[in-house]
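Number of protein chains: 2
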Amino acid sequence: MSETNISVPLAPLPPRSCKGLTDVLASVGDKWTIRVVGELARGSLRYNELQRRVGGISQRMLTLTLKRLEVDGIVTRTLFPSVPPRVDYELTELGQTLRAALLPLSQWAAKNRQAIEANRERAGK
Amino acid sequence: MSETNISVPLAPLPPRSCKGLTDVLASVGDKWTIRVVGELARGSLRYNELQRRVGGISQRMLTLTLKRLEVDGIVTRTLFPSVPPRVDYELTELGQTLRAALLPLSQWAAKNRQAIEANRERAGK
DNA sequence: CGGCATCCCGTTGGATACTG
DNA sequence: CAGTATCCAACGGGATGCCG
Numbered sequence: 005m006s007e008t009n010i011s012v013p014l015a016p017l018p019p020r021s022c023k024g025l026t027d028v029l030a031s032v033g034d035k036w037t038i039r040v041v042g043e044l045a046r047g048s049l050r051y052n053e054l055q056r057r058v059g060g061i062s063q064r065m066l067t068l069t070l071k072r073l074e075v076d077g078i079v080t081r082t083l084f085p086s087v088p089p090r091v092d093y094e095l096t097e098l099g100q101t102l103r104a105a106l107l108p109l110s111q112w113a114a115k116n117r118q119a120i121e122a123n124r125e126r127a128g129k
Numbered sequence: 005m006s007e008t009n010i011s012v013p014l015a016p017l018p019p020r021s022c023k024g025l026t027d028v029l030a031s032v033g034d035k036w037t038i039r040v041v042g043e044l045a046r047g048s049l050r051y052n053e054l055q056r057r058v059g060g061i062s063q064r065m066l067t068l069t070l071k072r073l074e075v076d077g078i079v080t081r082t083l084f085p086s087v088p089p090r091v092d093y094e095l096t097e098l099g100q101t102l103r104a105a106l107l108p109l110s111q112w113a114a115k116n117r118q119a120i121e122a123n124r125e126r127a128g129k
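Going down the list, the sequences are from chains A and B.
If you're matching positions, the first sequence starts at 5 in this note's numbering and goes up one per residue.
If you're matching positions, the second sequence starts at 5 in this note's numbering and goes up one per residue.
What the hints contain is simulated information worked out from the structure, not anything from laboratory work.
Same chains, same names: a pair is fine if it fits in one copy or spans any two.
Calculated pairs, EDC-like style, for lysine to aspartate or glutamate (alpha carbon to alpha carbon, straight line, at most 20 angstroms): (1) Lys71 x Glu97; (2) Lys71 x Glu94; (3) Lys71 x Asp92; (4) Lys115 x Glu97; (5) Lys71 x Glu53; (6) Lys71 x Glu125.
Full structure from sequences and hints, please.
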C-alpha cells in the first residue's frame, strides 16, 4: 500500500506510474468494458439495445460492467419510471476522455492484429 | 470467424473494429503484460532482473507472459549459452509501437485515477 | 540462472430461473 | 423491460519442487 506512487508519466511508460495503469486496465481492460464503452461512444443506449449491440454478453456481465462503470463515473444511468421501465446509459465526460485515450490503442490493434496473428502462426509451427 | 471485420478506426472507437481491440486487450490488458512491457521500454533486461523490477510476479506468470509476447512478436528472447546461462529480453519494433500506443491510456490513468477512486468512495457509501 | 511441471484454490463468468 | 439470485464449470494464477 506504500507503493501507490504515481508521478505523471512523461517518460515512455514510466515504470513507477505503471501500477496506476495496471489498476485502470484491470478495470477497463476486461473482456467487456471496452466493448460497452465503444458502443456508448456514439450516444446513449438502453439496456437491451446495449446487450444486442455488444453481442455475446450475458445479462449478468452487462449488469456488473455497467454498475462498475457507473460507480467509477464513466457512465450515467437514467431511469424513466414508465411501464415498461426504460433505462438509458450514457458516457460521462470522464467516459469520453477514456474513449479518447483508448483510440491510439484501438488504431494500433487494427493496424497490427494481422501481423501478430501471422507471428503466432509462424511461431506456433 | 466471419466477424473479423476490422476497418481502420477513424471514427471514435468504431464498433466494428472493437473486436480487434478486445482481442488485443485480452492479450495485452492482463495483470502483468503492461508492467513487463513498461519495464522493457527502456532497454533489454535479464529474466531475473525483470522479475525483480516488476515486483510481485511469479516465475510462472513471468514465463507465460514473456512466451506470449515473444510469440506475438512484441519481445525478442536472446540466449547466451554461458555458465550460468543468461537470457535477455528486449522489445521489438512492434513492441515499441505498442508502448507508444499505450501512452495516452497511461496518462489518462495517472490523471484520473484519483477522481475515479473518489467516485467509488462516494458511490460506495 | 532460467526455466518447466504439478498441485490447488479463488475468481470469473455463463446458464438458468425468478422479480418489480 | 431491466434487472436480481443462484449454481456451477472453466480459467487464472500462486506455491512448490525439479531440471539443464
